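Colleague: Okay, here's what each chain looks like letter by letter:
Number of protein chains: 2
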Amino acid sequence: MNEVRVGLLGLGTIGTGVARILIEQQELISRRLGKNVRLVAAADRDLKTERGLDLSGVRLTDDASDIVTADDIDLVVELIGGYEPARTFVATALENGKHAVTANKALIAKHGEELFPLAASKGVAIGFEAAVGGGIPCLKALREGCAANAVESVYGILNGTCNFILTKMENEGADYADVLKEAQELGYAEADPTFDVEGIDTAHKLSILAAMAYGSKIKFDEVFTEGISKITAADIESASELGYRIKLLGIAKPHGDGSVVDKVEMRVHPTLVPVNSQIAQVSDSYNAVQVSGDFVEHTMYFGRGAGERPTASAVVADIMDIARVSPDGVEYLAPPMAYVAEERRDLQTLSVADIECEYYLRLMVKDKPGVIASVTAILADHRISLEALNQKERHASHAVAVVMLTHETTEGNLQAAISRIVGLEAVEEDVLILRKESTVA
Amino acid sequence: MNEVRVGLLGLGTIGTGVARILIEQQELISRRLGKNVRLVAAADRDLKTERGLDLSGVRLTDDASDIVTADDIDLVVELIGGYEPARTFVATALENGKHAVTANKALIAKHGEELFPLAASKGVAIGFEAAVGGGIPCLKALREGCAANAVESVYGILNGTCNFILTKMENEGADYADVLKEAQELGYAEADPTFDVEGIDTAHKLSILAAMAYGSKIKFDEVFTEGISKITAADIESASELGYRIKLLGIAKPHGDGSVVDKVEMRVHPTLVPVNSQIAQVSDSYNAVQVSGDFVEHTMYFGRGAGERPTASAVVADIMDIARVSPDGVEYLAPPMAYVAEERRDLQTLSVADIECEYYLRLMVKDKPGVIASVTAILADHRISLEALNQKERHASHAVAVVMLTHETTEGNLQAAISRIVGLEAVEEDVLILRKESTVA
Chain A
1 MNEVRVGLLG
11 LGTIGTGVAR
21 ILIEQQELIS
31 RRLGKNVRLV
41 AAADRDLKTE
51 RGLDLSGVRL
61 TDDASDIVTA
71 DDIDLVVELI
81 GGYEPARTFV
91 ATALENGKHA
101 VTANKALIAK
111 HGEELFPLAA
121 SKGVAIGFEA
131 AVGGGIPCLK
141 ALREGCAANA
151 VESVYGILNG
161 TCNFILTKME
171 NEGADYADVL
181 KEAQELGYAE
191 ADPTFDVEGI
201 DTAHKLSILA
211 AMAYGSKIKF
221 DEVFTEGISK
231 ITAADIESAS
241 ELGYRIKLLG
251 IAKPHGDGSV
261 VDKVEMRVHP
271 TLVPVNSQIA
281 QVSDSYNAVQ
291 VSGDFVEHTM
301 YFGRGAGERP
311 TASAVVADIM
321 DIARVSPDGV
331 EYLAPPMAYV
341 AEERRDLQTL
351 SVADIECEYY
361 LRLMVKDKPG
371 VIASVTAILA
381 DHRISLEALN
391 QKERHASHAV
401 AVVMLTHETT
411 EGNLQAAISR
421 IVGLEAVEED
431 VLILRKESTV
441 A
Chain B
1 MNEVRVGLLG
11 LGTIGTGVAR
21 ILIEQQELIS
31 RRLGKNVRLV
41 AAADRDLKTE
51 RGLDLSGVRL
61 TDDASDIVTA
71 DDIDLVVELI
81 GGYEPARTFV
91 ATALENGKHA
101 VTANKALIAK
111 HGEELFPLAA
121 SKGVAIGFEA
131 AVGGGIPCLK
141 ALREGCAANA
151 VESVYGILNG
161 TCNFILTKME
171 NEGADYADVL
181 KEAQELGYAE
191 ADPTFDVEGI
201 DTAHKLSILA
211 AMAYGSKIKF
221 DEVFTEGISK
231 ITAADIESAS
241 ELGYRIKLLG
251 IAKPHGDGSV
261 VDKVEMRVHP
271 TLVPVNSQIA
281 QVSDSYNAVQ
291 VSGDFVEHTM
301 YFGRGAGERP
311 TASAVVADIM
321 DIARVSPDGV
331 EYLAPPMAYV
341 AEERRDLQTL
351 SVADIECEYY
361 LRLMVKDKPG
371 VIASVTAILA
381 DHRISLEALN
391 QKERHASHAV
401 AVVMLTHETT
411 EGNLQAAISR
421 IVGLEAVEED
431 VLILRKESTV
441 A
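Quick mapping for you: the protein sequence lines, in order, are chains A and B. Residue 268 in the UniProt record's numbering sits at position 268 of the first sequence, and the numbers go up by one each step. Residue 340 in the UniProt record's numbering sits at position 340 of the second sequence, and the numbers go up by one each step.
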């Protein structure tokens with residue numbers, strides 16, 4: 001029986017999970033594939049830690065370079081994370097005629113456009129299902145399952161840490177800083193949580209989804225990105241009173257003339273979604289990706305967005321897809337970015353000022369007569385109409401919070417209005433701007 | 001550019017949708033595929049009806065036999081439905097070396113086991129994503145996306161008509177017969193709704209999912225099947241008071257010694273699911289499939305389970321997957337039933353008596369002293385313990401409803417207890433038995 005030999009870079013959490021599947025599910029994999037997949041070698045700087053796995057028969061090394069050039073390896077799995085040395089190792093593996101599978105969203109978001117043609121030129125495949133949505137086979141669903149559709153929108157809860165924090169803030173009425181601290185103690189958030197809570201991780205993933213949906217190049221640097229760190233328990237409560245839940249969403253939409261897409265909208269920010277929508281139910285560290293198409297309507301893919309075992313499940317699904325066509329049938333795989341290479345275009349990103357949204361605004365104002373009148377006059381001046389306005393009770397000498405939901409307007413117009421509003425003597429500088437989406441499933 | 005020529009059997013709702021995609025999205029499909037897919041011919045008994053489509057350039061015929069033998073067709077799409085003549089047409093197409101794609105769950109559930117080897121022997125492919133879950137790419141997710149997992153359970157809301165009726169009964173407190181009538185008037189239910197409401201359609205789909213999950217043969221005849229026609233508005237309310245929603249689920253689970261599966265449990269019945277679970281939120285005519293695996297944990301796939309455009313989306317996804325490997329790379333496709341043919345086993349179906357469940361029981365009893373004591377004594381005698389017991393108010397001279405939730409027991413043991421309970425003079429014959437699942441996502 002034909003055999004595919006795997007080399008693993010990184011025996012951390014996910015690497016251990018991948019090794020575990022390849023060892024424990026060997027028979028199941030062969031029954032599904034008609035070939036064996038064998039873990040031949042693994043590299044990690046730390047070879048001492050007990051991983052609860054019998055790795056006898058696996059060549060262990062602390063030098064990843066060995067694996068990416070080894071003659072007895074057909075497929076390299078990169079689970080080191082980050083940009084470098086991951087990029088160099090994956091590129092070297094591809095140059096040496098080895099397939100590559102990675103869970104590294106940063107790598108694909110930043111260097112995918114150099115790795116895809118390299119893989120194609122060497123006749124090998126590159127898989128990255130685990131880079132978006134953890135264990136959820138959402139890239140396959142978008143790339144293949146919804147392939148007959150012009151994609152109308154992609155919405156994703158793509159970061160488990162943020163969703164865990166927002167869920168806990170909602171359930172316990174707790175403030176951001178307290179929940180973050182608890183999440184760090186539980187190991188759900190990093191000591192430096194910036195990457196997660198400021199939306200960068202979500203932006204990496206969204207840039208991949210958007211490029212795949214619309215046949216464009218991956219443009220991570222152009223994603224409009226805001227995190228969750230300014231949200232208070234009071235905002236979550238205000239949103240709830242209005243019938244919404246706050247989720248950190250990655251959102252991609254097409255713009256153009258009829259069916260021809262010429263610009264792609266990409267944004268990551270805390271978003272109000274209707275409380276009874278499917279995506280609003282996605283709680284704790286779960287992830288979900290909604291893909292809506294002109295024929296399929298709304299679809300949603302739900303599951304664990306991180307963790308040893310779920311992420312390893314997606315990595316091994318890629319290994320199996322590639323093993324099935326290895327060594328001679330790589331041309332028969334669906335193209336990694338859903339469009340054949342020569343049909344992928346360099347679409348512009350919609351400029352931030354042109355994004356159209358409904359907005360949730362939270363202003364802190366001095367409780368004086370006429371303030372609301374002045375604020376609403378400015379909004380009216382910018383032709384921004386209001387769907388709701390709630391003035392909260394005043395707490396002692398503090399300023400009072402005014403929460404507004406607007407109808408649709410452009411980001412540019414809204415920002416112009418806001419800059420005038422914060423110029424009012426009775427309004428404090430710090431305005432919280434959230435965005436609302438109504439077309440979620 | 002290489003081209004794949006498609007012949008369509010049936011220009012009803014879904015057939016029209018498929019023709020519409022192949023015509024309107026021709027350029028998109030080529031950009032994703034690197035080949036053209038062209039609709040060459042279509043057969044329907046009715047060629048007069050205006051379908052809102054420009055079918056010029058498509059050969060129209062009222063004789064399907066022409067298409068399944070035509071030299072200028074590479075792939076036949078069967079959208080006639082039912083067992084015959086669909087089976088004969090698909091078999092003839094395969095025998096003539098044409099790929100086949102179908103949305104026909106009855107056909108695959110009943111005749112798949114004869115069609116799969118026929119396709120393999122002719123070196124052609126057979127696709128049936130649209131047969132389960134309509135537009136949702138759930139078979140691909142199970143077959144490929146979760147391929148690294150031993151599947152621990154499959155749960156599906158697989159029939160839009162039943163889910164529409166149950167949602168409406170819950171939202172309006174209406175009774176089954178009234179909602180069914182309304183659904184029929186709206187065209188959401190057939191004049192003879194038996195196939196849908198008695199769970200047969202769900203059983204067709206479940207038998208395919210179960211066989212794919214566990215590497216067994218499709219055994220539609222062995223699915224334990226109960227429909228929704230006995231559920232009352234009062235049952236939905238009782239379930240709600242206990243924290244549950246009632247959904248018609250198809251359920252498949254493996255049984256065996258360790259990781260070796262030797263029996264498959266398959267059942268379709270109205271099921272109590274926790275009201276805050278993801279699957280409980282799936283409302284109206286939406287479908288969802290939950291796949292839980294030993295590595296991926298819970299995943300769920302959500303979308304439209306029926307309708308012209310969503311179902312056509314799944315049909316064309318299959319066409320594209322097959323077109324990509326046609327004519328010479330069929331061997332590189334994932335096997336249609338997720339395991340290579342020689343590894344698919346003839347696993348036994350778990351006998352109904354051995355199914356273990358938690359139960360919801362609704363008894364109508366005469367309001368006399370000692371009745372509850374007698375009923376609970378019989379349950380205790382069978383070692384069935386209760387999680388909850390609610391006696392409803394009596395309506396005039398009618399018997400009173402008693403609702404019980406039991407802890408886990410076997411179907412055989414429960415039925416033995418029930419047959420003794422209905423033997424009590426104060427208990428009416430008609431006991432409603434629903435089942436409860438707690439491990440949904």
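Just so you know, the hints here were simulated from the structure itself, not pulled from any lab data. What you are looking at is a predicted structure, and each value in this text was computed from that prediction instead of being measured. Treat the hints with care, as some may be off.
Claimed, not checked - Here are the in silico distance ranges between beta carbons for each label pair:
id, chain 1, residue 1, chain 2, residue 2, range
1, A, A341, B, A388, 32 to 38 Å
2, B, E114, A, A341, 37 to 43 Å
3, A, G97, B, G256, 36 to 42 Å
4, B, G256, A, E190, 51 to 57 Å
Claimed, not checked - Listed below are the simulated EDC-like cross-link pairs for lysine to aspartate or glutamate, each with C-alpha atoms no more than 16 Å apart in a straight line:
id, chain 1, residue 1, chain 2, residue 2
5, A, K35, B, E342
6, B, K35, A, E342
7, B, K35, A, E343
8, A, K35, B, D262
9, B, K217, B, D262
10, A, K48, A, D71
11, B, K368, B, D294
Said to hold, decoys possible - If the Cβ cut is set under 8 Å, some of the chain A residues that face chain B in the computed set are:
id, residue
12, R59
13, E144
14, N149
15, V296
16, M300
17, A312
18, S313
19, V316
20, Y332
21, E343
22, L347
Note that the Cβ used here is the ideal one computed from N, Cα and C, for glycine as well.
Colleague: Which earlier hints turn out false for this structure, listed by number in ascending order?
Modeller: 1, 4, 8, 10, 11, 12, 22
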